[in-house]
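Here is how the chains run, residue by residue.
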Amino acid sequence: MRFDLTVNGSKRTVDVDPDTPLLWALRDELNLTGTKFGCGIAACGSCTVYLDGEPTRSCQTMVEDVGEAKVTTIDALSGKPAEAVQAAWRELDVPQCGYCQSGQIMAAAALLNENAKPSDEDINDAMDGNVCRCVSYHRIRKAIHRAAELMEA
Amino acid sequence: MNFFVPQNVSKPSRRGFLIAAGGTTAGLMIGSNLSLGTAEAAKTAEGAFNPFVIIAPDSTVTVLSKHLDKGQGAATGLATLVAEELDASWDQMHVEFAPANAKLYNNLQWGPYQGTGGSSAIANSYTQYRSAGAAAKEMLVAAAAKAWGVPAGEIKVEMGKISHSSGKSGTFGEFAAAASAMPVPEKPALKSPDQFAYIGKSFPRLDVKGKTEGAPIFALDVKRENMLVATIARSPKFGGTVKSFDATEAKKVNGVVDVIQIPAGIAVVAKSTWPALKGREALTIEWDFSKAETRSSDQLFEEYRELAGKPGKVFRSTGDAEAALAKADKVVEGDFEFPFLAHAPMEPHDVVIEFDGKTADIWTGSQLQTVDQYVTSKTLGIELPNVNIHTVWAGGSFGRRAIYDSHIVGEAAQLAKAWGKKQPLKIVWSREDDIKGGYYRPMYVHRVKAGLDADGNVIAWHHRIVGQSILTGTPFEALLVKDGIDHSSVEGVTNIAYDIPNMHGELHTVKVGVPVLWWRAVGHTHTAFVVETMIDDLAKAAGKDPVEFRMGLLKKKPRHMGALKLAAEKAGWGSDAPEGRFRGVAVHESFSSYVAEIAEISTSEDGEYKVERVVCAVDCGVAVNPDNIAAQMEGGLGYGLGHAMRNEITLTDGEVDQANFDTYEPMRISDMPNVETYIVPSTEAPTGVGEPGTPPVAPAVSNAIFAATGTRWRRLPFTKNEGTGS
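These protein sequences, in sequence, are chains A and B.
Going by this note's numbering, the first sequence opens with residue 1, and the numbers climb by one from there.
Going by this note's numbering, the second sequence opens with residue 1001, and the numbers climb by one from there.
By construction, these hints were calculated from the structure, which means they are not laboratory data.
It is possible that some hints are incorrect.
Claimed, not checked - Cut-off 25 Å, straight-line C-alpha distance, at most; resulting in silico cross-link-like pairs (SDA-like, lysine to any residue):
#: 1; chain 1: B; residue 1: Lys1291; chain 2: B; residue 2: Thr1652
#: 2; chain 1: B; residue 1: Lys1223; chain 2: A; residue 2: Asp19
#: 3; chain 1: B; residue 1: Lys1278; chain 2: A; residue 2: Lys142
#: 4; chain 1: B; residue 1: Lys1223; chain 2: A; residue 2: Glu29
#: 5; chain 1: B; residue 1: Lys1201; chain 2: A; residue 2: Arg141
#: 6; chain 1: B; residue 1: Lys1209; chain 2: A; residue 2: Leu150
#: 7; chain 1: B; residue 1: Lys1209; chain 2: A; residue 2: Gly79
#: 8; chain 1: A; residue 1: Lys11; chain 2: B; residue 2: Ala1215
#: 9; chain 1: B; residue 1: Lys1570; chain 2: A; residue 2: Pro18
#: 10; chain 1: A; residue 1: Lys80; chain 2: B; residue 2: Glu1213
#: 11; chain 1: B; residue 1: Lys1271; chain 2: A; residue 2: Gly129
#: 12; chain 1: B; residue 1: Lys1223; chain 2: A; residue 2: Thr6
#: 13; chain 1: A; residue 1: Lys142; chain 2: B; residue 2: Leu1206
#: 14; chain 1: B; residue 1: Lys1223; chain 2: A; residue 2: Ala76
#: 15; chain 1: B; residue 1: Lys1570; chain 2: A; residue 2: Asp120
#: 16; chain 1: B; residue 1: Lys1278; chain 2: A; residue 2: Asp120
#: 17; chain 1: B; residue 1: Lys1271; chain 2: A; residue 2: Asp65
#: 18; chain 1: B; residue 1: Lys1720; chain 2: B; residue 2: Gly1438
#: 19; chain 1: B; residue 1: Lys1201; chain 2: A; residue 2: Arg146
#: 20; chain 1: B; residue 1: Lys1271; chain 2: A; residue 2: Met62
#: 21; chain 1: B; residue 1: Lys1271; chain 2: A; residue 2: Val14
#: 22; chain 1: A; residue 1: Lys80; chain 2: B; residue 2: Ala1215
#: 23; chain 1: B; residue 1: Lys1610; chain 2: A; residue 2: Gly129
#: 24; chain 1: B; residue 1: Lys1252; chain 2: A; residue 2: Gly129
#: 25; chain 1: B; residue 1: Lys1271; chain 2: A; residue 2: Pro18
#: 26; chain 1: B; residue 1: Lys1251; chain 2: A; residue 2: Asp120
#: 27; chain 1: B; residue 1: Lys1557; chain 2: B; residue 2: Gly1574
#: 28; chain 1: B; residue 1: Lys1223; chain 2: A; residue 2: Gly9
#: 29; chain 1: B; residue 1: Lys1223; chain 2: A; residue 2: Asn31
#: 30; chain 1: B; residue 1: Lys1271; chain 2: A; residue 2: Asp15
#: 31; chain 1: B; residue 1: Lys1271; chain 2: A; residue 2: Phe3
#: 32; chain 1: A; residue 1: Lys142; chain 2: B; residue 2: Asn1674
#: 33; chain 1: B; residue 1: Lys1251; chain 2: A; residue 2: Met1
#: 34; chain 1: B; residue 1: Lys1223; chain 2: A; residue 2: Met62
#: 35; chain 1: A; residue 1: Lys142; chain 2: B; residue 2: Arg1447
#: 36; chain 1: B; residue 1: Lys1252; chain 2: A; residue 2: Lys142
#: 37; chain 1: A; residue 1: Lys142; chain 2: B; residue 2: Ser1602
#: 38; chain 1: B; residue 1: Lys1511; chain 2: B; residue 2: Asp1576
This one's a predicted model, so the numbers in the text were calculated from it and none came from an experiment.
My request is simple: use the sequences and hints to build the entire structure.
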């Protein structure tokens, strides 16, 4: 079946079964490979994209349910919080293997968009669904605080 | 199982510094006889000397990393070593993975293989990569000297710029071509530590920018023209085989191209990933479990416990431990249990393979390239040099990608052979495939008795270990299994750091049909826990402070002592812990690096505990990149902590009970303590940091729990102990 999607500001059409997770439509059909597959059951956050700005697990979002929602992936992430997060991530050398980091960055930017000065508790609440098996959490926490500073500056 | 015998890896040929022939890709490649300035081309650089550095006309310095980078920072580390001796500027540095060639890219610590593991990347490459950089610099200087008509000794190289006091200056790129005509220095001079500009400083990782943009290419991201995607249904019990299968429903799934049987199981080949996963769900398979492992983990533990009561094969005997125990003033005993553990790297396994009948090309996060080549060549019936491994960034490993039988790549080769068409195939593993797929950290049971004399001196230690051998039956057996003792089962006990006059160790190696593998820090993951909690119990029995007690037993071990002192000082050991906080300590050497960790926990009235802070001190010799060392300590101890808190793989009638991150619940950010890492200054040769941060954390936390509650947790994960509500 053909589905018309709005991905990173462009109209894109994918021809897949309706139950295809958005994750695989993005990766296999649209070649947007920045969004990663980690668990397939919405338990790790590697596949995080935005639907109308809301962080969403693309592995558990069927293509037929996307409808008119605007899809944003790491490949086109922009805006002040996102840029601050990416800058802080580079400054503190957060990523190790990097595989989960697209999802981490999407989640962190969404947090800062809602809450410009998150506490450690706020960070735990917002980021607990994003697994990093290299356990870069210590730096993720520091980098979110640093990004908040960069946004203020 | 195939035994790996290195063969046909490459033939020696002349050393040389040859220049690329052609156009914009022309560049300087040290030691290669190639005509292309690309990493891809290096695969035919036979018998060359240090084919590690390419300098392009635009002055980009490409370092060929012989090691896989799966997050540990090896690629940046190797580039640092080259930049140091080349006096390059950091912004001209670039790194690519070297092609598979065991002759050129042998691991100098444990070759004849090309491979990454045992925290050896920087340790084995330290002089090799510095020499490669130094040789390139000498040749650039010689070329500039000739062009300018000045003595080479008057030329300076700084931050990627070649200059002379006359005012002449140039870039690396300008002289790369001319440098090729210069003789290769036999022994290029290396800097002394006081001249270091890079080593000991923390230059940013070269891969980080891309990793913040979703840019780096993992094997899952590799796309080839006309590529199909496959999943494989494997036996739910280890050692099971396919009796019969019905693919009718699977073939009805839109996008499924074919279903074929291969030795590994039933492969569903599809146009893309989702139909490959969905098609597999629709298979009906009858399995033959007649040769499968069908025991449950509870039953295995019962059998292990029974063996722990019987004499085993002696791996260490000093003095007379039994006699000393008999006359000890106090005896401390402990029974310890450790579960199977999955590595669960963030990126599930994936391999892309293209086979044209003569040559195979493989894209994967290859950690043992030479073994991957060997297994592929045997499976496909082609010569080993005709297997091209394109190593790509790997999404974690923790040991899981360094596989003695290369079964992941091997399955891909089986499928390529069965498929029989010149069509690229990508084999994708789901998270369930990974968690249920075996190659675990083995289960272990330890039984220990130790004795104190009336003055509180440890006079005896009797230690039995029961568990599977990781290495028996693998290509690494000859190297690491001696007289029936797998070193990886006893490391950390057989070489216990503490000065104990009567020491006796025995091992029972059991046969279980569950494939096992090294897991971040290997044997130290259980031995350090046992030794470091026993020592704490002995300190308590002797009425001594845990740090002072250790120091008393480490007088001949200055590097353990140095790490322990530094951690104790930084953690404020000796002063009261903050209100409601309790501390525990552990110190352990693994892979020749010495790590002390002090965990600070809080407890609540309902019996919950939280690890609030870990102070870590590490002595890993010369600290090449201190910030990366800190990152590896944070990650290594976090990885150990998460598993100690709640992870186990269990079997029921041979089937794995866990499936995904819902049942193998990973460490999350809310579990993460604050970590402070301190590095012991050292001029010793650098050693590894990928693994050594892991072993001390679980015993340090168990010791803190003991300090808080007086209850000793000896079973892993911690949820298995009394007082944890399980």
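Problem set entry | Given pair status - Arg141/A, Lys1201/B, alpha carbons within 25 Å | Between Lys1201/B and Arg141/A the Cα gap is close to 23 Å, so the pair holds against 25 Å.
For this session: Please work out if Lys1209/B and Gly79/A have their alpha carbons no farther apart than 25 Å.
Result: Measuring from Cα to Cα gives roughly 17 Å; hence the hint holds.
For this session: Could you grab the alpha-carbon distance between Lys1271/B and Pro18/A and see if it respects the 25 Å cut-off?
Result: holds, 16 Å
Problem set entry | Hinted pair Lys1223/B and Ala76/A, Cα distance within 25 Å | Cα-Cα ~20 Å, so holds.
Exercise. Lys142/A and Arg1447/B: Cα distance at most 25 Å?
Worked result: violated, 42 Å
For this session: Starting from Lys1223/B, check that the Cα of Asp19/A is at most 25 Å away, please.
Result: holds, 23 Å
For this session: Would you mind confirming whether the straight-line C-alpha gap from Lys1610/B to Gly129/A stays at or under 25 Å?
Result: holds, 19 Å
Exercise. Within a Cα-Cα threshold of 25 Å, do Lys1271/B and Asp65/A meet the stated pairing?
Worked result: Given that 25 Å is the threshold and the Cα spacing comes to 22 Å, the pair holds.
Problem set entry | Distance restraint between Lys1278/B and Lys142/A, which requires alpha-carbon spacing of 25 Å or less | violated, 40 Å
Problem set entry | Satisfaction of hint between Met1/A and Lys1251/B, Cα-Cα up to 25 Å | Satisfied, since the Cα-Cα distance of roughly 18 Å is no more than 25 Å.
Exercise. Straight-line Cα separation of Lys1291/B and Thr1652/B no greater than 25 Å?
Worked result: At roughly 16 Å apart (the allowed maximum being 25 Å), Thr1652/B and Lys1291/B satisfy the hint.
Exercise. Between Lys1251/B and Asp120/A, does the CA-CA distance stay at or below 25 Å?
Worked result: violated, 50 Å
Against the hints set out earlier in the document, violations occur for numbers 3, 9, 11, 16, 24, 26, 35, 36, 38.
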